[in-house]
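Chains as they are written, first to last, in my numbering: chain A, 1 to 315; chain B, 1 to 315.
Hints were generated in silico from the structure; no laboratory data involved.
Check before you lean on any hint, since a few could be wrong.
The list treats identical chains as interchangeable, and a pair is accepted whether it falls inside one copy or across any two copies.
Calculated cross-link-like contacts (lysine-lysine; reagent style DSS-like; alpha-carbon spacing at most 30 Å) [claimed, not checked]:
{"#": "1", "residue 1": "Lys106", "residue 2": "Lys147"}
{"#": "2", "residue 1": "Lys221", "residue 2": "Lys261"}
{"#": "3", "residue 1": "Lys301", "residue 2": "Lys241"}
{"#": "4", "residue 1": "Lys147", "residue 2": "Lys5"}
{"#": "5", "residue 1": "Lys92", "residue 2": "Lys191"}
{"#": "6", "residue 1": "Lys147", "residue 2": "Lys173"}
{"#": "7", "residue 1": "Lys106", "residue 2": "Lys173"}
One-letter residues, chain by chain:
Protein chains: 2
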Amino acid sequence: MASGKIIALSGGVGGAKLCLGLHQICEPEELYFITNTGDDFLYLGFYISPDVDTLVYTLAGINSTETGWGRADETWKTHNVLGELGADNWFKLGDKDLALHLHRSKALRNGETLTSITQDIANRFHLKANVLPMSDQMIQTIIDTNKGLLSFQEYFVKQASAPKIESISFKSKNPEPSAEVTEILTDPDLKGIVICPSNPYLSIDPILSIKKIRQSITESKRPRIAVSPIIDGQSVKGPTKKIMEELGLKVNVLTIAEHYKNCIDGIVIDHLDQGYAGEIESMGIHVKLSEIMMNNDDDKKRVAEDVINFIDQIS
Amino acid sequence: MASGKIIALSGGVGGAKLCLGLHQICEPEELYFITNTGDDFLYLGFYISPDVDTLVYTLAGINSTETGWGRADETWKTHNVLGELGADNWFKLGDKDLALHLHRSKALRNGETLTSITQDIANRFHLKANVLPMSDQMIQTIIDTNKGLLSFQEYFVKQASAPKIESISFKSKNPEPSAEVTEILTDPDLKGIVICPSNPYLSIDPILSIKKIRQSITESKRPRIAVSPIIDGQSVKGPTKKIMEELGLKVNVLTIAEHYKNCIDGIVIDHLDQGYAGEIESMGIHVKLSEIMMNNDDDKKRVAEDVINFIDQIS
Numbered sequence: 001m002a003s004g005k006i007i008a009l010s011g012g013v014g015g016a017k018l019c020l021g022l023h024q025i026c027e028p029e030e031l032y033f034i035t036n037t038g039d040d041f042l043y044l045g046f047y048i049s050p051d052v053d054t055l056v057y058t059l060a061g062i063n064s065t066e067t068g069w070g071r072a073d074e075t076w077k078t079h080n081v082l083g084e085l086g087a088d089n090w091f092k093l094g095d096k097d098l099a100l101h102l103h104r105s106k107a108l109r110n111g112e113t114l115t116s117i118t119q120d121i122a123n124r125f126h127l128k129a130n131v132l133p134m135s136d137q138m139i140q141t142i143i144d145t146n147k148g149l150l151s152f153q154e155y156f157v158k159q160a161s162a163p164k165i166e167s168i169s170f171k172s173k174n175p176e177p178s179a180e181v182t183e184i185l186t187d188p189d190l191k192g193i194v195i196c197p198s199n200p201y202l203s204i205d206p207i208l209s210i211k212k213i214r215q216s217i218t219e220s221k222r223p224r225i226a227v228s229p230i231i232d233g234q235s236v237k238g239p240t241k242k243i244m245e246e247l248g249l250k251v252n253v254l255t256i257a258e259h260y261k262n263c264i265d266g267i268v269i270d271h272l273d274q275g276y277a278g279e280i281e282s283m284g285i286h287v288k289l290s291e292i293m294m295n296n297d298d299d300k301k302r303v304a305e306d307v308i309n310f311i312d313q314i315s
Numbered sequence: 001m002a003s004g005k006i007i008a009l010s011g012g013v014g015g016a017k018l019c020l021g022l023h024q025i026c027e028p029e030e031l032y033f034i035t036n037t038g039d040d041f042l043y044l045g046f047y048i049s050p051d052v053d054t055l056v057y058t059l060a061g062i063n064s065t066e067t068g069w070g071r072a073d074e075t076w077k078t079h080n081v082l083g084e085l086g087a088d089n090w091f092k093l094g095d096k097d098l099a100l101h102l103h104r105s106k107a108l109r110n111g112e113t114l115t116s117i118t119q120d121i122a123n124r125f126h127l128k129a130n131v132l133p134m135s136d137q138m139i140q141t142i143i144d145t146n147k148g149l150l151s152f153q154e155y156f157v158k159q160a161s162a163p164k165i166e167s168i169s170f171k172s173k174n175p176e177p178s179a180e181v182t183e184i185l186t187d188p189d190l191k192g193i194v195i196c197p198s199n200p201y202l203s204i205d206p207i208l209s210i211k212k213i214r215q216s217i218t219e220s221k222r223p224r225i226a227v228s229p230i231i232d233g234q235s236v237k238g239p240t241k242k243i244m245e246e247l248g249l250k251v252n253v254l255t256i257a258e259h260y261k262n263c264i265d266g267i268v269i270d271h272l273d274q275g276y277a278g279e280i281e282s283m284g285i286h287v288k289l290s291e292i293m294m295n296n297d298d299d300k301k302r303v304a305e306d307v308i309n310f311i312d313q314i315s
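Just chain A, same shape as in the assembly (with noise of 0.2 Å):
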């Protein structure tokens, strides 16, 4: 595979698998994965970060692919007697996992940044690859819905994704990308830009709604491809239909490229949304049709090369 950087923006599951697809074919080095931090909150005193976990635990060959969250063989002592103590116990952590948000906690506190600690625990777990979240800053995905205000936890876990969403917006203070994102963003070695078939509300805008993000990826001159989350009318994996319906968005890979427009040059679709190729086309994006739904390892080394392939294609 010819070498290069590349950038792929990434939410937890969905994006994770092409992640793993491309880690399987790519110099691990030359990966920059930029994550999705608009998931994470603070619980029982952690500083939890759900995506960067799946992604980290997804490239060490440790997640758990059960449950789509968390680590593999994970046991729940600390759980249980939670629950037994009257404690909060809606968001399930396991034994295993919970040493990393303990360790992380203690040196976001001693000040280090989420980027650093992030970095020191992919190291601690034999990663050559960069992952990235997209700030060191808290920007939280605040979901509007008929239940009220809720955070993307209380949606997602506490509500089981159930209330009808209104809107989504993402609350900082003139948020930034961290100092690593902002210089892979411009290095003159990027080979080209990934967006992971992850939700684009949920997963892929917190990241783009950071401008100095946005901007870099609208003005770059390497190619840009998006895969599609959306097959043939259905999400490949969590809420991504459901709430598309509730947004008033038609359920197609046209929306998810008139969504992407500025950002992408091209867009990997299933076969079975050949149909749309034209439309998206004449929008001036390529289109690359492919079987693009990953359920196993092949299934993302697959997906992975043609999207190399597309960006070797486009550049």
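Add chain B to chain A, keeping to what the hints say.
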């Protein structure tokens, strides 16, 4: 067993054994365990209160008799991963135990008192006895050693009690007992006060360092009984003997009686130490000879019965 409220001053393991004995023979609601918190410390962002926890776990019957601290049937997943992450894990926290620290720390951050959250935890473990931290303020035992000033946990756990002690002090700003401790010390239904066979210098002195507690005990008209932590020149458990030697004290029950002189009316010593009985009695302190080594539950019950009988006898 005759009714009436009993106060017992206790540290960790050794004291908790007598507390458990009292718990077996008295009405739990009438027991008030004033517990050392000089060992309390902040660790990984948690407030840890080792003696309070040892007492709660012991009374609840879920303590580890193997280690002498923590819970039985414990696992160490979080602890082990902390090690893998290169994080602090010199203080071993079990997975079940951790839940208590999370729960208590959150309550303290929310403005609850240590006394209130301790009682809440005790209730969750179905205890009816009153476990009272000596104070709701942080009062830190500071040990001046040949290795410098150490906190209790640095001395006891991190350095395994190896440094030579030069002096012991208790760091706090105008330490006050909790409201609950103040109340029970002057309760008209108080039947007697027990000083458990904990380390006098590291576990009981922190409690007596609070002027109002010492004064209440000194002035109390109720029988005040100590149980010796020394048998035949040896400490029953832990570094009591070593510390006495380092402080230039003779390791015998006479030294213990002298140490508690103004705070006790009687002392329970082992048959092996009957040679000291005359000299202790000449100080105006009653002596009860007994078998005070507590290896099993029957021992604990028997020593507790001796203590209660001694209180009745002196009354």
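Which numbered conditions among the earlier hints are violated in the structure presented, ordered from lowest to highest?
4 and 5
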